[in-house]
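K.L.:
Given only the sequences and the hints, what does the whole structure look like? Please build it.
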Amino acid sequence: MTEPKDARTAAKPPAPDEPSPCVWESGLAIKPVYTAADVEASGGAEAIGLPGEYPYARGIHPLMYRKRPWTMRQYSGFGTAAETHERFLYLIRHGQTGLNVAFDLPTQCGFDSDDPMAEGEVGRVGMAVDTLADVEEAFEGIDLNRITVSLTINGAAVPVMAMYFAMARKRGYDLATLHGTAQNDILKEFIGRGTWIFPVEPSVRLVGDTMEFCARHAPKYSPVSVCGYHIRESGATPAQEMAYGLSIAASYVDHVLARGIGIDAIAPGLSFNFDIHGNLWEQVAKFRAGRRLWAKMMKETYGARDPRSLQLRMIAGGGGGGLTIQQPENNIVRGAYYALASALGGTQTMALCSYDEAYTIPSERAARLSLRTMQILMHETGLADTVDPLAGSWFVESTTNEMERLIEALMEEVKSRGGMIRAVAEGWVQAEVNRQAYEREKLIRAGAVPKVGVNCFEEEEAGPDVEMHPYREEETGRQIERLRRVRRERSGEAVRACLARVRAAADNGENVMPPVMDAVEAYATVGEVCEALRQVFGNYREPVRF
Amino acid sequence: MTPAAGAGADPIRVLLAKPGLDGHDVGAKLVCRALMEAGMEVIYTGLRQSPAAIAAVAMQEDVDVVGLSILSGAHVPLCRKIAEALRSAGVREQVVWIVGGNVPPRDHAALRDMGVDGVFPTGAPFDSIVEFIRGRVRP
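These protein sequence lines are chains A and B, in that order. Position 233 of the first sequence, counted from 1, bears residue number 233 in my numbering, the numbering being contiguous throughout. Position 54 of the second sequence, counted from 1, bears residue number 600 in my numbering, the numbering being contiguous throughout.
Just so you know, these hints were derived from the structure itself, not from any lab. Check the hints yourself; a few may be wrong.
Stated by the list, open to error - If you want a taste of the chain B side facing chain A, the calculated C-beta under 10 Å gives, among others:
#	residue
1	Asp568
2	Gly569
3	Val572
4	Lys575
5	Leu593
6	Arg594
7	Gly619
8	Arg626
9	Asn648
10	Pro667
11	Thr668
12	Gly669
13	Pro671
14	Phe672
Positions of the beta carbon are idealized from the N, C-alpha and C atoms, including for glycine.
P.N.:
See the structure below:
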């Protein structure tokens, strides 16, 4: 089982005296040796600056991890709220400092657990949420301002965020001081991941409604986490990931500015989610260049003044696209290197895909191992000793400069296409990413890009040594029973009246968040709220391109 | 569209579909391109197709192959419904039915019992899919 398949799989050494060519995924050709002249030639050292100072290449805080470790926030959730609650408590007991909630596909796509579209999918890839009762149970007893919660919800963000706020309010939290994050980046769902519901334009308007609502009522809450992550997972290069992510953020900003809200009321609520697999140095350059571009764009294009508007805050994590089905234990080692890329890139929050994730919902053991990987990096290796230890490296500063220019050029291309909303609605970005995915896949399959266990150092495998997460079908019945009980016990008349107000607000352009808050407090379901919005906005029709 | 390698033969027609709510379509799109490069005609449905819709397209487009891509773990209940839909559309016996995605080995037998002809989990070589289709459709 562990014998090499044949001798061909051993890597070939390069010819003597001849450096093997090295080109990053984003297209940068890398030299064998860098000097001060390369930094000068690539744009100089002026933009390096200091950590915590504009343009923030070296990190958004002056003391970074010397003052505060990154937040450790594994993505988790499955089955019912009760099962997920147990996993949350388990992770917190083991030192996790934030929660990153996985919802099942029916919840993400706006269907109730008893909808025919939900058959076979309830509680499978995340927690099933139908009503406020589920949200209350999932977070019971958890201090929401100490363990900050990130909701991975996009298409159905409006009702689910409203449920989270309603739950917090019922427990005595003041929305004015409530911390937390929602993913709520619908534009990237059209590019990758696919949990869209409504057409592109009304979808962006709903994101705008949540941003406006938070700017006015929950200013400490981050209503949007813009995800380059899933664009990268769909095949984009690191430069495309950053460029498309920043362009998406600009689209949301433009949309909300048009409502007459100031840039410094919006921008601090935007955070980012980026990927960490691939070439370690390329990721580091991507993050340092991305921070600089965001700061410059916010200051120069949008006239932001509040330093928090200029600081690109992020979760840099995951790395699923780099993990392999083959020899799954290798993913533990990959995870550790990805964590290093994230930390050297200056992240605020980290999460790692677990080694068994290509097969199953992570086991407790696998999830704990991811957490321990981050803890070892933070506490044992000296990683946190000094801020941005790579600063001043001729190689790192040159490639940061070069990545910045690559990303900028890609952002210009999006602009020339009429901006991100149009580029997504027309399917242009999707086609760019799909093409890139196919080219990359061909290189991997041809062995031109080495992938251990996949195209070199392969082994005959009898089958994975991973513990499969049991999907309990009886839990679906329990969830549906619970949903029906809530429907019986609530006031049907109150729910109908609330939903009518949701439709009216959607129809006449008012912010839908206040009536949706009322609706979910009356125990309207995720499906009912989304259906009310569907009646006004219709369904998205996917431009099928590949 | 590229003509099939076999001179004069009509190209093999393949329907690739994403049933259920799963939005992971990178693999499905890669397979679409690989099959086209191998000279096949490919119809891709996009996301969230119901079993009835998939069966209807299979019938209307007179395809030789129905391929499903499922990464959500819901392949067993979804395939059960799709087997029924293909049967009621009257195409079950005429098409080669293959399934790809996140399908662990322990479920392969269950899918074969429902009538799935070939299972190609994530990472399966494109060539193996092409060869399988050619072997079954034009043996």
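K.L.:
Decide, hint by hint, whether the structure agrees.
P.N.:
For each hint, the structure was consulted:
Given the 10 Å rule on beta carbons, the hint for Asp568 (chain B) holds: about 7 Å separates it from the nearest Cβ of chain A. Of the supplied interface hints, the one on Gly569 (chain B) holds, with its beta-carbon coming within about 2 Å of a beta-carbon of chain A, less than 10 Å. Among the interface hints, the one on Val572 (chain B) holds; its C-beta lies about 5 Å from the nearest C-beta in chain A, closer than the 10 Å criterion. Using the Cβ-Cβ criterion of 10 Å, the hint placing Lys575 (chain B) at the interface with chain A is satisfied: the shortest such distance is roughly 4 Å.
A distance limit of 10 Å between C-beta atoms decides the matter here; for Leu593 (chain B) the minimum to chain A is near 5 Å, and the interface restraint holds. For the restraint placing Arg594 (chain B) at the interface with chain A, the shortest Cβ-Cβ distance is roughly 7 Å, inside the 10 Å limit, so the hint holds. Annotation: interface hint on Gly619 (chain B) holds; nearest CB of chain A at approximately 5 Å, less than 10 Å. Interface restraint check: Arg626 (chain B) against chain A, minimum CB-CB distance 8 Å, threshold 10 Å, status holds.
With 10 Å as the threshold, the beta carbon of Asn648 (chain B) comes within range of chain A, its nearest partner Cβ sitting at about 7 Å, so the hint holds. For Pro667 (chain B), the suggested interface contact is upheld, since its CB lies about 7 Å from the closest CB of chain A, less than 10 Å. Because the beta carbon of Thr668 (chain B) sits about 6 Å from the nearest beta carbon in chain A, less than 10 Å, this interface hint is met. Checking Gly669 (chain B) against chain A: minimum C-beta separation of about 5 Å stays under 10 Å; hint holds.
Annotation: Pro671 (chain B) was flagged as interfacial toward chain A, and the flag holds, the nearest CB pair being 7 Å apart, inside 10 Å. For Phe672 (chain B), the shortest C-beta to C-beta distance to chain A is roughly 7 Å, which falls under 10 Å, so the interface hint holds.
Of the hints listed earlier, there is not a single one the structure fails to meet.
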